[in-house]
Structure formats: C-alpha cells, structure tokens
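**Q** These protein sequence lines map, in sequence, to chains R and Y.
Mapped onto the numbering used here, the consecutive letters of the first sequence carry residue numbers 206 to 566.
Mapped onto the numbering used here, the consecutive letters of the second sequence carry residue numbers 10 to 419.
These are computed hints drawn from the structure, not numbers from a lab.
From a predicted model like this one, the values you see are computed outputs, not experimental measurements.
Don't take each hint at face value.
Said to hold, decoys possible - List time: in silico SDA-like cross-link candidates among lysine to any residue, alpha-carbon distance up to 20 angstroms: (1) Y:312 - R:282; (2) R:248 - Y:289; (3) R:222 - R:261; (4) R:503 - Y:289.
Here is how the chains run, residue by residue.
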Amino acid sequence: MDITSILNIPPYSLDKKEKRDLLNSCCQELSRYHYDNCDLYRKMMDAVGFDVEEDTDYTAIPFLPVRLFKEFELKSISDEEVVKTMTSSGTSGQSVSKIYLDRDTSANQTRALTKIVSSFIGTKRVPMLILDSSNVIKDRNMFSARGAGILGFSMFGSKKIYALDDEMNLNVPLIRDFLEEHKGETIFLFGFTFMVWQHFYKKLQETGYRPDLSNGILIHGGGWKKLLSEKVSSVDFKQSLNDVCGIPVNHIHDYYGMVEQTGTIYMECECGHLHAPAFSDVLVRRANDFSLSEFGEKGLLEVVSILLHSYPGHVLLTEDEGVILGEDDCPCGRKGKYFRIEGRIKNAEIRGCSDTYAARF
Amino acid sequence: MRKSADVVIRMQQGSENIKLLFPDRIDWDVWRSQRSDVPYSEDVISFLDELSNALLHDKNARSYPDVMTFAFFCRRANIMKCKEQTAIKELRLGRGVLFHIAPSNVPINFAFSLVAGLLAGNRNVVRVSSKEFPQVDLIVNHLKSFSETNRWPSVLQRIALVQYERDDQATSFFSSFCQVRIIWGGDATINQIRKSQIQARSFDVTFADRYSIAAFNANEMSDESLSSLASSFYNDTYLFDQNACSAPHLVVWLGSAKNIETVRPIFWKTLHDIVKEKYNFQPVMSVDKLAAFYRQAVSMPMKRVETEDNLLVRVRLDNLSESIEDYKCTGGYFSEYIADNLDEVAKIVNNKYQTLAYYGFKKEDLEEFVSRNQLLGIDRIVPIGATTDFSFVWDGYDLIRTLSRVITIK
Numbered sequence: 206m207d208i209t210s211i212l213n214i215p216p217y218s219l220d221k222k223e224k225r226d227l228l229n230s231c232c233q234e235l236s237r238y239h240y241d242n243c244d245l246y247r248k249m250m251d252a253v254g255f256d257v258e259e260d261t262d263y264t265a266i267p268f269l270p271v272r273l274f275k276e277f278e279l280k281s282i283s284d285e286e287v288v289k290t291m292t293s294s295g296t297s298g299q300s301v302s303k304i305y306l307d308r309d310t311s312a313n314q315t316r317a318l319t320k321i322v323s324s325f326i327g328t329k330r331v332p333m334l335i336l337d338s339s340n341v342i343k344d345r346n347m348f349s350a351r352g353a354g355i356l357g358f359s360m361f362g363s364k365k366i367y368a369l370d371d372e373m374n375l376n377v378p379l380i381r382d383f384l385e386e387h388k389g390e391t392i393f394l395f396g397f398t399f400m401v402w403q404h405f406y407k408k409l410q411e412t413g414y415r416p417d418l419s420n421g422i423l424i425h426g427g428g429w430k431k432l433l434s435e436k437v438s439s440v441d442f443k444q445s446l447n448d449v450c451g452i453p454v455n456h457i458h459d460y461y462g463m464v465e466q467t468g469t470i471y472m473e474c475e476c477g478h479l480h481a482p483a484f485s486d487v488l489v490r491r492a493n494d495f496s497l498s499e500f501g502e503k504g505l506l507e508v509v510s511i512l513l514h515s516y517p518g519h520v521l522l523t524e525d526e527g528v529i530l531g532e533d534d535c536p537c538g539r540k541g542k543y544f545r546i547e548g549r550i551k552n553a554e555i556r557g558c559s560d561t562y563a564a565r566f
Numbered sequence: 010m011r012k013s014a015d016v017v018i019r020m021q022q023g024s025e026n027i028k029l030l031f032p033d034r035i036d037w038d039v040w041r042s043q044r045s046d047v048p049y050s051e052d053v054i055s056f057l058d059e060l061s062n063a064l065l066h067d068k069n070a071r072s073y074p075d076v077m078t079f080a081f082f083c084r085r086a087n088i089m090k091c092k093e094q095t096a097i098k099e100l101r102l103g104r105g106v107l108f109h110i111a112p113s114n115v116p117i118n119f120a121f122s123l124v125a126g127l128l129a130g131n132r133n134v135v136r137v138s139s140k141e142f143p144q145v146d147l148i149v150n151h152l153k154s155f156s157e158t159n160r161w162p163s164v165l166q167r168i169a170l171v172q173y174e175r176d177d178q179a180t181s182f183f184s185s186f187c188q189v190r191i192i193w194g195g196d197a198t199i200n201q202i203r204k205s206q207i208q209a210r211s212f213d214v215t216f217a218d219r220y221s222i223a224a225f226n227a228n229e230m231s232d233e234s235l236s237s238l239a240s241s242f243y244n245d246t247y248l249f250d251q252n253a254c255s256a257p258h259l260v261v262w263l264g265s266a267k268n269i270e271t272v273r274p275i276f277w278k279t280l281h282d283i284v285k286e287k288y289n290f291q292p293v294m295s296v297d298k299l300a301a302f303y304r305q306a307v308s309m310p311m312k313r314v315e316t317e318d319n320l321l322v323r324v325r326l327d328n329l330s331e332s333i334e335d336y337k338c339t340g341g342y343f344s345e346y347i348a349d350n351l352d353e354v355a356k357i358v359n360n361k362y363q364t365l366a367y368y369g370f371k372k373e374d375l376e377e378f379v380s381r382n383q384l385l386g387i388d389r390i391v392p393i394g395a396t397t398d399f400s401f402v403w404d405g406y407d408l409i410r411t412l413s414r415v416i417t418i419k
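Construct the complete structure from the given sequences, taking the supplied hints into account.
**A** Structural data, given as structure tokens:
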C-alpha cells in the first residue's frame, strides 16, 4: 500500500488484524530500506543479528533507544535531501536529539497530524487561541519543541492570537475582543500542559476574568512532571479549567508525542485514554527481558511509526513507562490500542568508585 | 572589633557550607599545625585494632558487609602483615596534612583512604560523600564514642571528617593548606577539584577513571570450580554495579577451543543464576545496556550473544579493538574475546588499564607476560574475586610511601 492511501485511512478505523497487517508490511519495508541506506543502522542490525530479508512481525523488529538520536546522526538520506532538522527540547548543557527530515517525510508527518487532529476538532480551520507567548517562536534561542509544537498545530487555526504577552501575563483585552468576534464559533485552544496550568488557569483564577469557552476544544501536551509535583491530576486539570472558563471537560485532550516521531501523536479521547492512530503503534515491554507486557502491566514504551523514510526511527524504545489499557474496545469508539503514560523511567542509582554525577562536586 | 574578628574566623573556616562530622569542633589553624608521625606507629595500629573490635561487636554494623570487611582489614594482625610487606627500612615521617576527597558512591572508601593516611603518619581532612550512608554514620559514631571516653586522643586529633555539597570555596580552603590531596571519584571529579590550587610543594594522588579486564584459562576450569568462580566474579562486578574501577568489562578466554566451548556457557549460566537471586536490577539499566550495545556496534564488528534476559548482556568480539575501553556499561555488560595467548591482549593495554583479574594462570607466567610485553598499563593482577580488595598499593601507588617523606642522614 502506498503512503498516500495509508494516510487516507481514517486514523481510528483499523481493527487489530487490519492494523497488524499494515504495520507488518510497512515496517518490513522500512527496515530493509534503512538497512540499505543508513550505514549505522546496518551495523547495529548486523550486531544484533537481525536479518532484514526475512519476514518479521513488527513486534520482533529490533528497537533503537531514543537516546541514540542524541549521540549519532542517524539518517537514510543524503545531506542534500535534508529539508529540516528537528531538535528535541533540552535544558542547556543537555544534548538534544537531531532528527533529519526530507520533503516526503516532513509532508507525511504533517498529513498524519492533520488527520489525527481533524478527528477531534473537525476538518475546517477554526479560530485558535494559543496559550503561550509569541516570544516562544520569535526568539530563536527559545525555539524548541514548544515552538515547533505551536507552529505545527497552528495550521488548524483560521485566525490565531497568543493569549500571553511577552511577560507571560494574560492579554485580557485581546482575548476578550477575539472571543467577541468569534462568538458562537468553535475555538481551538492549544498549549503546553504546564504553561496552560501556570499561565492560563492560575491567571484566570487570580484575575477573576472568566472568558466563555464553552465552545472551546483544548489540545495540550508536553508532560505532567511539573504538575504531578504540584499534585494536580488529569481530572483536577480538566475540572479546574472547566471551572474558570466553562470549557467542557470532554473537550480537553492531552497528547503524547516526541520529536523522534513527529506527526504520529497519541491523542487523549473523551474517556481519558491515549489512542494509537492507524499510522503508528505502541508496545509495552518488560525491562527485565524486553518481552511484551500484558495489557494492564506497566513497562517501557516502544513506539512504531510507518511514516519515517528519512531516518531509521520507525521502531523506537522510549524512556517512558506506560500501560496498555485495551485494544479496539475503548468506550469512545476509536479502534486501535489505548494506553496511559506512567512517567519517565528513573535514573539508575549506581555504586562504584567513578562518580556518576560529577556535578555534585 | 568583635565583628571583624567573626569575619576572620569565618574566613579561616573556609566556608559556611562545611558540615563537620568529626570532631564536634575544630580550630583549623591549631589543627593543621600539629606534628607528623612515623609510618605504622604503635598508637595508630592499636587505635585501628580497637576500632576494628568495636565495629565487629556492633550489631548495627553486621548488616553491612563493607563495614565488616573494613573492620577485618583494621585488625592488628592484618595491619602488621601490611607493615611487613611495606618493609620500610629508611627514616620516614608523614607529609603533614592530607586532604582526601572520597568518591560519592562507595560509602566505605573514605575509611580506607583515612587509614592509609593515618598509617603513613599524617593529619587527615576527609571529605566524605554528601549522600547519606549508614556506613559512614556507624564509623563516625565509634570515633565519637572513643573521643567521649578519651581513647586515643593522639590519633583522633589527626582526623577531621567533613561533608559539603559542591562548593569550590570549601575545596579551595582545604587545598590551600594540604601537603597531599587524594582525589577519588574519577576524571570528572579530578578535573573539578583541580580548579582549586594547592601549594607549590604539594601534590595530588588521583584515582582516575580506569578500565579493567578478566582472563580465564578454560583448560584449568572444572565444573566444581565454576560455582565459586562465578560467585567471586559476581563480587568483582555486580556487587558495585560494575562501576568500580577494578570491575572487569572485557573477558578474555584462553585455552583449547573445546574447553572454552564447554565451560563458557556454564560459567555465564551460573553467574546469571547468582545475579537473578542477588542483584537489584533497575529498569533503566536495560535501556542503558541496549544503548551501549548499539553504540559499540557502530564502532567495531561484534555480535550479540543470546542471553536469558537483560540482567546479563554479552557481546562477542571477533577481534580486539584498541577502542574497546570506550565501550563499557554498568550493571552487567561484558565484551568477550577468545585469544590464542595473553600477548594478544597486551596490544590494546594502555595506561588506563588498572586491574587484570585472572583464573587458571601461574604467577610466573603473568610476571613474564608483564615484562615481556613492557605493558603501558595494568597496575594490579589479582585472582578473580579479589579485585575490590583494598591494599595500600593501589592504582600503582604505594600509598604509605607516597604519603610519607624520606629523611636521609649521612
């Protein structure tokens, strides 16, 4: 099946059998392609003893740890074909992932994202309220996953405004005029989970300003680490937002995604479950031996995407832990696997005479 | 007047971040102006023997095998044996003040470093890890109870145990008056500490990042010996997460192909059983090992050896690359190579190599191996199971001699 027909598959329409067939045929082809076109990938597969010529179930394809993208330039295209290099967010001093995209891969990622998001906010562009400051895309030093995320999702907005000013304060007059102008229309809100909480929810609570966002749909991502430290659960998050702006709790959607597999994001449905779309899959593995966990059993998350042509990132082992909750039977009606993220895996506590954290000295 | 005097005192004490674990109070000016002692003085030996006794009879200490090992090490009989081995004939005195920077992840190491400093005749400022370890508290408590009952004041006054988080000011303060600075903790720590100057005549004894290997002679390995051998090897490696500088990362097999084929799988299987039973495997280690494997795979031809799970990861090398030392991982990750003879290994040995752990070789053959190949590295060759045994000769330094000075009289 060619990539265009694949991208025309409604993202949550394939059942277990159909999806497995699709993933198997695409992933085998991708493994062969990357084996032939990426020197480093070939050496890795040779060392692990993986024969790309054999037909292998996609769950048996060796997974690369995502951190390898921080250390190596993994790409299956020539330098001339690179149209975009994506980098992961990372605090200063940390190394960042470098992801090389060619025209096709980049376009396919955008198309996949469009299909996925459309199934939540509709296929028509709608007025968009970005819950961040425009600084985040202006300032090149800050340009990171946050900026890339905003730019990526901006294509769903007809008219766009930034809810926060340069000092990260709510721009109340601007929001008020915007909502007045688009009264009765669906409003698409987008932001990073912690920013939404810190600079939107908290500011609304503080200022007493209560915009009417009962027509709003919020998509947010970026992780719960900071909110968990404030003991804010997903349920609290939704209810609190509903309290201050009337946005329906079932119109608030978290998503899980990473720069190493841009586009194929995992959206949270009305039931609070993250869903794998037709173009990608999640597997959960036991750390002990990398065998597949049962549904309901926590383990390391592996992500599989069939869109990646420019670099060998089609089968990756993340450093996040998660739980598969079920497949094809989420009450929301979407097919495919649905799951929950349990957070990042803990760093090792290592004994021995070589200090592991020299920064302590 | 009063105010400025306070300021002066505070400056003398180096930094407000320094927590004094022992003794309760200290005037650094007075403390550092004490005299040095001769190596292996009777006072220190008796003090260590009494400390050993106290620890061996302390119920709380029994659950810490590392404290027990330390206690046994400090017994008079063992110290006398060390004294005999050191065999000092010349006139020596301690160099003065030693500033020890202990590693952050080995709780008991500070105590061995301190003992070496005391036996060489010095005053010792020991910076212990800023992490909390019960092993440290145990030893500190015994020192305190000695102090309260006025036991061994002449020795105790030569001990200062301090603790502080990363603080260059504190490090600079102790560096400014020490004669020798002993830096454990590897390259990154050494580079950090070296930003603080020491006096012109002072010097550093550094314990840098090292690489260690093991060699097995399959011809000498029997089914009966494998179980205890695997258990010893476990102590060499997993016991300290394969992160001790002496822990082997490369395993070289020698002997007939037939013998290797027979004993090798049994050895790893036996080791794996022990690991499964004893080792606290942390989930992230599986990712660490997988990443290490792929990292190594891009730089040298190699094959993954099938193992039962991630507790033990084995890599088969077809040839020995000089860069092998760059590809190691903690928590049970081994590269393996079958060699025709030990001399093959000599080619890759550089000065980063510390310990060669062996089984099934004669001491004479090993001596011959070292001199014939004029090795650039390897400071110690010890039987499997003995890699972490502390000795006053460590990393190629004879600590008692290094930490004392010779006085010649003609």
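**Q** Each hint needs a verdict: does it hold in this structure or not?
**A** Results for each hint:
no.: 1; hint: Y:312 - R:282; in the structure: violated, 26 angstroms
no.: 2; hint: R:248 - Y:289; in the structure: violated, 32 angstroms
no.: 3; hint: R:222 - R:261; in the structure: holds, 16 angstroms
no.: 4; hint: R:503 - Y:289; in the structure: holds, 18 angstroms
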